[in-house]
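In order, the protein sequence lines correspond to chains A and B.
Take the first sequence: its position 169, counting from 1, is numbered 169 in my numbering, and each next residue is one higher.
Take the second sequence: its position 267, counting from 1, is numbered 267 in my numbering, and each next residue is one higher.
A few of these clues could be false.
Repeated chains share a single entry, so a pair holds when one copy, or any two copies, can fit it.
[Unchecked claim] Derived DSSO-like pairs (lysine-lysine); straight-line CA-CA distance at most 30 angstroms:
no., residue 1, residue 2
1, Lys318, Lys108
2, Lys346, Lys318
3, Lys44, Lys301
4, Lys93, Lys111
5, Lys105, Lys44
6, Lys115, Lys301
7, Lys252, Lys313
8, Lys44, Lys346
9, Lys313, Lys44
10, Lys44, Lys303
11, Lys261, Lys137
These are calculated hints, taken from the structure and not from any lab test.
On a predicted model such as this, the values are computed, not experimentally measured, just so you know.
These are the residues of each chain, in order.
2 protein chains.
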Amino acid sequence: MTRVFNFSPGPATLPEAVLRQAAEEMLDWHGSGMSVMEMSHRGKEFISIHAEAEALVRELLGVPSNYKVLFMQGGAIGENAIVPMNLIGKTGKADYVVTGDWSKKSAKEAKSYGKVNAAASGEASHFTAIPKQSEWKLDPEASYVHICSNETIGGVQYHWTPDTGAVPLVADMSSDIMSRPIDVSRYGLIYAGAQKNMGPSGLTLVVVRDDLIGHALPICPSAFNYQTQAEADSMYNTPPTYAIYIAGLVFKYIKAQGGLKAMEAHNQAKAAILYDYLDESRFYRSPVAREARSLMNVPFKLKDDALDEAFLKGAQAKGMIQLKGHRSVGGMRASIYNAMPVEGVKALVAYMKEFEAQHG
Amino acid sequence: MTRVFNFSPGPATLPEAVLRQAAEEMLDWHGSGMSVMEMSHRGKEFISIHAEAEALVRELLGVPSNYKVLFMQGGAIGENAIVPMNLIGKTGKADYVVTGDWSKKSAKEAKSYGKVNAAASGEASHFTAIPKQSEWKLDPEASYVHICSNETIGGVQYHWTPDTGAVPLVADMSSDIMSRPIDVSRYGLIYAGAQKNMGPSGLTLVVVRDDLIGHALPICPSAFNYQTQAEADSMYNTPPTYAIYIAGLVFKYIKAQGGLKAMEAHNQAKAAILYDYLDESRFYRSPVAREARSLMNVPFKLKDDALDEAFLKGAQAKGMIQLKGHRSVGGMRASIYNAMPVEGVKALVAYMKEFEAQHG
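One chain only, chain A, in its complex shape (with noise of 0.2 angstroms):
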């Protein structure tokens, strides 16, 4: 068996370890005779891996205990309506600033539940920027203030937290959630998708505050409202127990390695080779910001289109996959999320520097 450098912006690549303990304990979970897939979620065995899952995200984002952490479904796609027909009742309007495909289609949706106001935009950067503050036009009436921390994309990302007063901050943190250690209370709402840093897609992370529960629109589904699923402990309905159970074997690996601090450290290592690398060669190139640069997600350029294919099938065949960037970009794009070991960067660098060798 090898496995390969997976460079996927998500589903993404998973701590080996991980995976090995969810194969040996997949017909028999710790002397239970079943699968976790199996179990009923009402169990006393899902409910303790469900508990220990959650204490985990408390634990390692470390979540003040006036927030309540829901485990849905639907992922970030799913919450660009289910946060505005949870929470953009209060005064029937929103403030979103976009900073790329991701928060541009987060704004979309929300227009059809209240008035949206696009507080910001990168557009006239093409999104290799993120508006600073200052220039943002905030309306002190709004629900809430609507951010993607990373865009997976444009491969920009916010290295400062915005301050939006007392309006609450609502970040979708799909593409860089538990990469780094963050405020929570800075926050009024976080959501993520689990398959870029926590686990299988299918699950989506809510880590809300307690006064914004309860101001659902009335067309809000049971299933998708805060106060449903935070009265119910994210069980009104059945939830997706086996990613929840693969997304706590996830957590408790970062709390192995050393929490998030030391995700950050592995991740700003593994990043600035790759920066360092584009940043010194003529033959590739960064077209982001340097201030705005993700840490997640690194889209680079050949110098020349056309040999675009031959990049990637050479990759291919030294088992690094997933690198070509979104079509609406174009060029290259390597994901490295927490599961992305150094060697697989280094990997990666040195194949560079071979092609740039041959075609340069």
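Chain A is fixed; fit chain B onto it per the hints.
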């Protein structure tokens, strides 16, 4: 390792062969160097897994070509809102036939989206029978008629297909999908959570006739809009990839067993062992009318409620778990889906006889 006989109503027992294969392929699916969990949903590997799962659904259920097969999220409770958000807009109203806790919940949720007519209810019989169609008060202008083909809590199941004329029949088949052959052409839409007969929780199967797609209310989230998902081959948002993979393995297992006719014979044989014993016993009894008895969920009562605890404890000691009935009806419930082997039911009846001999 000793595997238990797991009588959970869902998530529920899965075929051991499926779990073994999943364990073996966990770190490296078919030489890809990745777990299925790690695969991009846009990559050729996962696209092949997804296409095969869909093809097997079409083959096993005999889905006509003018129906779409969608893999979604949110479970049946999610669909309680998603169905009316997509379908009720046609005339603004819908008929619901209430035969137990699940269809009652469906009818209640639909009221947020249009006018709900309670066309019939089994409440007078305490949900131990299904009202005859001659007693239903159907509205010819309804956008659809909703039924639940099998109620997991009360243990009643339709053994006939309602005739709703030109009005589309919508069925929640969460707990009996793939357990017997059905004529899909008699339905406008079928939905089912995966966690009883198909795989892990977190995956919803939707089979919907083409002409019912495209009438969603403006407040329907894109991720839950049948049109958006049909146009994107269920990949408008990242689908629950691992759950689809496991469901695909289960579908292959069902096919290898002889398909849905073989499943029906297997399920009839298992249920007969249990019901025959319940009918001959003076210690246990089935509360359900004979013509409505479920082949999937068999609730039963002991002569004396005070013995319930001892019964459950004794069963657990023999490796038979999750036999406690739902709190709303009390007593016992044996859920005997496709993957429950006949040995499990025989072991249960042997234990019931032993318990009766001791306490009768």
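Comparing the hints with the structure gives:
{"no.": "1", "hint": "Lys318 / Lys108", "result": "neither (40 angstroms within a copy, 56 angstroms between copies)"}
{"no.": "2", "hint": "Lys346 / Lys318", "result": "within (13 angstroms within a copy, 54 angstroms between copies)"}
{"no.": "3", "hint": "Lys44 / Lys301", "result": "between (52 angstroms within a copy, 24 angstroms between copies)"}
{"no.": "4", "hint": "Lys93 / Lys111", "result": "both (9 angstroms within a copy, 26 angstroms between copies)"}
{"no.": "5", "hint": "Lys105 / Lys44", "result": "between (40 angstroms within a copy, 26 angstroms between copies)"}
{"no.": "6", "hint": "Lys115 / Lys301", "result": "neither (38 angstroms within a copy, 55 angstroms between copies)"}
{"no.": "7", "hint": "Lys252 / Lys313", "result": "neither (36 angstroms within a copy, 33 angstroms between copies)"}
{"no.": "8", "hint": "Lys44 / Lys346", "result": "between (44 angstroms within a copy, 26 angstroms between copies)"}
{"no.": "9", "hint": "Lys313 / Lys44", "result": "between (49 angstroms within a copy, 15 angstroms between copies)"}
{"no.": "10", "hint": "Lys44 / Lys303", "result": "between (58 angstroms within a copy, 28 angstroms between copies)"}
{"no.": "11", "hint": "Lys261 / Lys137", "result": "neither (33 angstroms within a copy, 64 angstroms between copies)"}
Hints 1, 6, 7, 11 from the earlier list are contradicted by this structure; the remaining hints agree with it.
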